[in-house]
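Number of protein chains: 4
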Amino acid sequence: MSERSTRADYAAFQHITTRWRDNDVYRHVNNVVYYSFFDTAVNRMLIKAGVLDIENSPAIGLVVETQCRYFAPLTFPDDVYAGVRVARIGRSSVRYEIGLFRNDDQDACAEGHFVHVYVDRVTTRPVPIPDDTRSFPESLLRPGSNAL
Amino acid sequence: MSERSTRADYAAFQHITTRWRDNDVYRHVNNVVYYSFFDTAVNRMLIKAGVLDIENSPAIGLVVETQCRYFAPLTFPDDVYAGVRVARIGRSSVRYEIGLFRNDDQDACAEGHFVHVYVDRVTTRPVPIPDDTRSFPESLLRPGSNAL
Amino acid sequence: MSERSTRADYAAFQHITTRWRDNDVYRHVNNVVYYSFFDTAVNRMLIKAGVLDIENSPAIGLVVETQCRYFAPLTFPDDVYAGVRVARIGRSSVRYEIGLFRNDDQDACAEGHFVHVYVDRVTTRPVPIPDDTRSFPESLLRPGSNAL
Amino acid sequence: MSERSTRADYAAFQHITTRWRDNDVYRHVNNVVYYSFFDTAVNRMLIKAGVLDIENSPAIGLVVETQCRYFAPLTFPDDVYAGVRVARIGRSSVRYEIGLFRNDDQDACAEGHFVHVYVDRVTTRPVPIPDDTRSFPESLLRPGSNAL
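Protein chains in written order, with the numbering used here: chain A, 3 to 150; chain B, 3 to 150; chain C, 3 to 150; chain D, 3 to 150.
You may find that some hints are simply not true.
Copies of the same chain are indistinguishable here, so a pair counts whether it falls within one copy or spans any two.
[To be verified] Simulated pairs of lysine to aspartate or glutamate, EDC-like, Cα-Cα distance not exceeding 16 Å:
#1 K50 x E67
#2 K50 x D122
#3 K50 x D134
#4 K50 x D81
#5 K50 x D109
#6 K50 x D80
#7 K50 x D107
#8 K50 x D11
Simulated from the structure, these hints should not be mistaken for lab results.
In this text, all values refer to a predicted model and were calculated from it rather than measured experimentally.
Chain A with its partners taken away, still in its complex shape (with noise of 0.2 Å):
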């Protein structure tokens, strides 16, 4: 992720619309609220990819590391289209790589990554991948990528 990259290098898109309260003092969307975004368009694949049950799936993923690095800013009343790419697929962990795109614009304006890491929802303790989800991030892992 050394250069900003375009919506050519990501495999699924989500649409996000902004918020009045995004933006800032600085009248631009806040910081903070891109990794609402990278939130958002994960779990709304998940959950629509029918991966993730909010109730009731046994293992959840939770997040143990983000990042994001900014490059053109964000404003409402802007669109916000989210693309998703899976970088790394581990036994309990899986690598999301997300790139925003402002309404029209091929360049991003930020681009992080995050990773969700498998837990047995009661213990918290870390599970491998159910093999019902596997196939999701699968789906979208780059070429180049390792799935181990």
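With chain A fixed as given, assemble chains B, C and D onto it according to the hints.
Same frame as chain A, but now just chains B, C and D:
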């Protein structure tokens, strides 16, 4: 607003996407977030109509009162459609009424209002609604409403 | 609540710190955030009093109505002191009234209420306020309030 | 930052109260919120030190990169103590490192950083850190850090 409204009771609609973080520990969109939907719907309309320039408008609308009644839950990743109408336009103030609709539902899952008072951006003293702004809330007046 | 209250009008107080992101483009705490202060003050008191266990309480309080009137701005990094009192206790519901005080101010900068209806956690049907919970809102009744 | 820090690793602390809405569906503070704690701790210190005036400072710090690693959960109504230190000061940029501590815990529950680049408020072009501002991050340099 003594009964639950339907989409037919609103003059214009804004689409808003829910976010992972909108859900609270009870796994539905938290009551606070509904007000963010209100703010977002009205201000997005004002900006798109060209009557609010966040950086430069000499008169801005400050919120002096808000209210919401909650009928049925919203849950991420639901889509929200915010219906907006204007109930009253005074010399300096506008009362917006908002109904929130979940996905394809015809009955509002929540309804509320907020009152904008136009103030001078620098002094924060009330000022008359600017002439070029007034036509916007007028366009959202519902039948039977009173514009002073 | 037709006039602006003072600290003397409230039964108990909770300290809340403001956040950078609370300020919106107009450089004051956004109207939405006040409701987060309401939620925080009441639920923190319920948890600390031992009458709300987020994970396990069989009956939980759902918010069915909220309102706020705004008198004077709050601005990050202000400290907020939320005064809480109970105006009415019904069979299943409690009406909390909250006044927000800025730093050392004696007059409320905002006042509002929210109504909790106790429901069965699983069915979400209204249930009587649990006996061991009821004493908590009773302790916050202001003079002249009615507990049914 | 390859190991979990303790309070002794930080130069100054800021107290932050958690909010009801910080907890997400998994009943712990959502990963996004940690960045709001970072923003709040650093900006509050800048304002209280008199080196940031939100309305008037001609040079402002824009966030160009943030990161967080999560070790243990925070849960409303926990208190958070944000430890802050400065790892590097460049011509225009400051790298802040933040450790979050839960209640009386001595080990950080999360650690991260964010990088401020000072820009001209109007042009948003990078500018040297103003002379009267520079002494503030310098006061937070940890032993072994490099100020260019």
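Inset, instruction - If any of the earlier hints don't hold here, list their numbers in rising order. - result: 1, 2, 5, 7 and 8
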